[in-house]
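Protein chains: 2
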Amino acid sequence: MAATHPTAPRGVLAAALTPLAADSAPAAARFVDHCRWLLDNGCDGLGVLGTTGEAMSFSVAERRGLLDALVEAGVPPRRLIVGTGAAALPDAVELSAHAAALGCAGCLIVPPFYLKPVSEDGLFAAYAGIIDGAGDDRLRVFLYHFPQMSGIPIPRAVIARLADAFGNIVAGLKDSSGDLDHMTGLARDFPALAVYSGTERYLLPILEAGGAGCISAGANVTAPVIAALYGEWKRSGAGEGARCLQQRVAQLRGVLDGVAMIPAMKALIARRRDDPGWAAVRPPLVPLGDADRAAFLAGADAAGLVLP
Amino acid sequence: MAATHPTAPRGVLAAALTPLAADSAPAAARFVDHCRWLLDNGCDGLGVLGTTGEAMSFSVAERRGLLDALVEAGVPPRRLIVGTGAAALPDAVELSAHAAALGCAGCLIVPPFYLKPVSEDGLFAAYAGIIDGAGDDRLRVFLYHFPQMSGIPIPRAVIARLADAFGNIVAGLKDSSGDLDHMTGLARDFPALAVYSGTERYLLPILEAGGAGCISAGANVTAPVIAALYGEWKRSGAGEGARCLQQRVAQLRGVLDGVAMIPAMKALIARRRDDPGWAAVRPPLVPLGDADRAAFLAGADAAGLVLP
Chain Y
1 MAATHPTAPR
11 GVLAAALTPL
21 AADSAPAAAR
31 FVDHCRWLLD
41 NGCDGLGVLG
51 TTGEAMSFSV
61 AERRGLLDAL
71 VEAGVPPRRL
81 IVGTGAAALP
91 DAVELSAHAA
101 ALGCAGCLIV
111 PPFYLKPVSE
121 DGLFAAYAGI
131 IDGAGDDRLR
141 VFLYHFPQMS
151 GIPIPRAVIA
161 RLADAFGNIV
171 AGLKDSSGDL
181 DHMTGLARDF
191 PALAVYSGTE
201 RYLLPILEAG
211 GAGCISAGAN
221 VTAPVIAALY
231 GEWKRSGAGE
241 GARCLQQRVA
251 QLRGVLDGVA
261 MIPAMKALIA
271 RRRDDPGWAA
281 VRPPLVPLGD
291 ADRAAFLAGA
301 DAAGLVLP
Chain C
1 MAATHPTAPR
11 GVLAAALTPL
21 AADSAPAAAR
31 FVDHCRWLLD
41 NGCDGLGVLG
51 TTGEAMSFSV
61 AERRGLLDAL
71 VEAGVPPRRL
81 IVGTGAAALP
91 DAVELSAHAA
101 ALGCAGCLIV
111 PPFYLKPVSE
121 DGLFAAYAGI
131 IDGAGDDRLR
141 VFLYHFPQMS
151 GIPIPRAVIA
161 RLADAFGNIV
171 AGLKDSSGDL
181 DHMTGLARDF
191 PALAVYSGTE
201 RYLLPILEAG
211 GAGCISAGAN
221 VTAPVIAALY
231 GEWKRSGAGE
241 GARCLQQRVA
251 QLRGVLDGVA
261 MIPAMKALIA
271 RRRDDPGWAA
281 VRPPLVPLGD
291 ADRAAFLAGA
301 DAAGLVLP
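These protein sequence lines are chains Y and C, in that order. Counting in my numbering, the first sequence runs from 1 upward without gaps. Counting in my numbering, the second sequence runs from 1 upward without gaps.
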């Protein structure tokens with residue numbers, strides 16, 4: 001029921017990395033530690049098991065198991081937006097129903113991403129199939145617009161049809177297109193939806209446009225600084241202080257430009273935790289080579305990217 | 001062992017459609033019938049559970065179940081190349097091991113298709129992870145180069161590294177790029193690999209370049225004509241007769257241009273079999289609308305596209 005369902009967290013959400021074990025299996029204990037650390041260091045919530053979390057490289061059983069581990073360890077599900085999209089409709093149904101049953105704040109659902117192109121009717125049918133298939137009033141769907149990765153943009157007409165058809169089950173969207181005008185336009189034109197920027201570079205503009213915040217990869221390593229920006233905006237709005245902090249956020253985010261972001265952030269955390277195993281990634285990703293790793297870590301140090 | 005493993009079929013392979021039941025579940029009995037009908041009407045083999053078979057829209061359990069149904073019904077596994085690619089490495093490992101254990105001629109494996117871009121090292125690691133994970137000498141891998149759909153091209157350097165590293169486990173590739181020079185170049189430069197064209201439009205050129213044949217969607221509805229071309233080429237080479245038949249094959253293939261190919265072919269078979277349920281597709285696909293369907297069927301009739 002809407003009245004008792006946890007509202008999705010606003011502000012700063014990290015698109016959490018998923019650490020692995022030596023055999024490339026997901027490392028649940030490391031994952032729980034990382035998620036707690038993010039929530040203790042500036043994150044209002046977490047986007048778990050999404051693109052940055054390498055979720056599409058995991059089986060359905062692995063994805064379920066990681067979410068179970070978080071919730072069993074006491075991480076509050078009301079602070080979690082869970083990636084539950086999949087190429088196959090039954091997989092997306094199963095993962096979305098599972099997250100809803102656990103009381104998670106929402107499911108961030110990328111369109112089915114193999115067959116291309118997809119018609120507007122087909123995209124509507126895919127989301128409707130997930131919502132109907134999950135069959136749970138507690139489900140909250142966040143549409144994931146990330147055409148560069150999924151190959152499937154989500155047109156405004158489909159957003160409007162889904163919101164009309166499914167009421168408050170369709171709760172928001174994340175825009176990772178990198179197109180600032182597109183995402184602020186969505187926040188203005190769909191005020192009933194919680195619109196998140198996919199990058200902390202645009203946190204201030206999306207907040208000013210009425211958006212909900214950001215769900216960002218960079219927050220895995222810069223959450224305290226992004227949180228300072230969000231706090232300043234809540235206190236004083238978009239004044240000089242917030243603008244300065246937004247610049248600092250963008251500067252730190254720039255450290256990740258031009259490198260393979262997931263392996264790079266994992267290497268940074270491996271060094272900070274003195275846990276080389278943290279650097280592991282699953283194919284098709286590969287760890288940074290030694291020279292790239294050294295250059296990246298030196299650049300992070302030079303920029304003052306210091307993990308708590 | 002190489003000596004006893006079935007060699008992949010050469011010539012005309014249909015990328016078989018997967019019919020559905022009323023509840024959108026895969027319809028195993030209809031699938032068995034369709035595959036038998038294709039093998040009885042000109043196909044030397046079948047590419048099952050690939051793009052045209054909507055396989056990425058099915059769960060791993062559904063994909064396994066459909067292959068089990070075929071083999072249990074007596075369709076010879078030596079005539080099957082099975083799509084076993086997946087976004088998630090463990091899914092691709094499970095599906096590839098399953099197909100190899102059933103004695104299938106090969107696995108057609110698309111690169112993991114969510115994360116982009118993928119480095120050459122990462123692509124090699126993904127295929128190596130599948131081969132090592134399946135751990136079966138009977139496995140035969142056909143690399144699937146289809147950048148428009150997967151978003152991940154397979155560079156020549158990766159083909160060469162995989163062939164060097166895994167010997168005759170890497171048995172061939174299918175090129176659905178639509179780039180004739182690319183596919184004939186691969187056939188010439190990798191003579192140890194069985195190279196298939198993804199379209200029957202290029203069957204004659206790929207055969208002349210030393211390729212193995214085609215694995216094509218269109219063959220679901222035009223296999224007898226493509227088989228006539230292949231038979232003529234085997235008898236008399238690329239003379240006037242073969243060129244005329246190649247033109248006829250291309251003309252029939254043109255009937256499918258500009259329509260959603262999977263729903264259109266399913267509609268054609270539904271009419272031929274007087275079985276409206278055959279037209280069902282799974283989201284994100286949708287059936288043709290009534291007007292599009294009528295226009296497509298009229299065009300097929302006008303072109304003389306007659307199913308056996």
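It is possible that some hints are incorrect.
Identical chains blur together in the list; that is why a pair holds if it fits in one copy or across any two.
In silico SDA-like cross-links for lysine to any residue, where the CA-CA straight-line distance does not exceed 20 Å [unchecked claim]:
no.	residue 1	residue 2
1	LYS116	LEU288
2	LYS116	GLN148
3	LYS116	MET149
4	LYS116	SER177
5	LYS234	THR7
6	LYS234	ALA160
7	LYS116	ALA165
No lab work stands behind these hints, which were simulated from the structure alone.
Going down the list of hints, with the structure as the test:
In this assembly of identical chains, LYS116 and LEU288 lie within 20 Å of each other by CA distance solely across copies; the values are 16 Å between and 31 Å within a copy. Proximity of LYS116 to GLN148 under the C-alpha cut-off of 20 Å is found in both arrangements, the shortest distances being 13 Å within a copy and 8 Å between copies. In this assembly of identical chains, the alpha carbons of LYS116 and MET149 lie at most 20 Å apart whether taken from the same copy (13 Å) or from different copies (6 Å). For the homomeric pair LYS116 and SER177, the shortest alpha-carbon distances inside one copy (18 Å) and between copies (14 Å) are both at most 20 Å.
When the C-alpha separation of LYS234 and THR7 is checked against a cutoff of 20 Å, the pair qualifies only within one copy, where the shortest distance is 18 Å, while the shortest distance between copies is 67 Å. Within a single copy, LYS234 and ALA160 get their C-alpha atoms no closer than 29 Å, and across copies no closer than 56 Å, so neither meets the 20 Å cut-off. Taking CA atoms no more than 20 Å apart as the test, LYS116 paired with ALA165 passes in neither setting, with 24 Å inside one copy and 33 Å between copies.
Consistency with the previously given hints fails for numbers 6, 7, ordered from lowest to highest.
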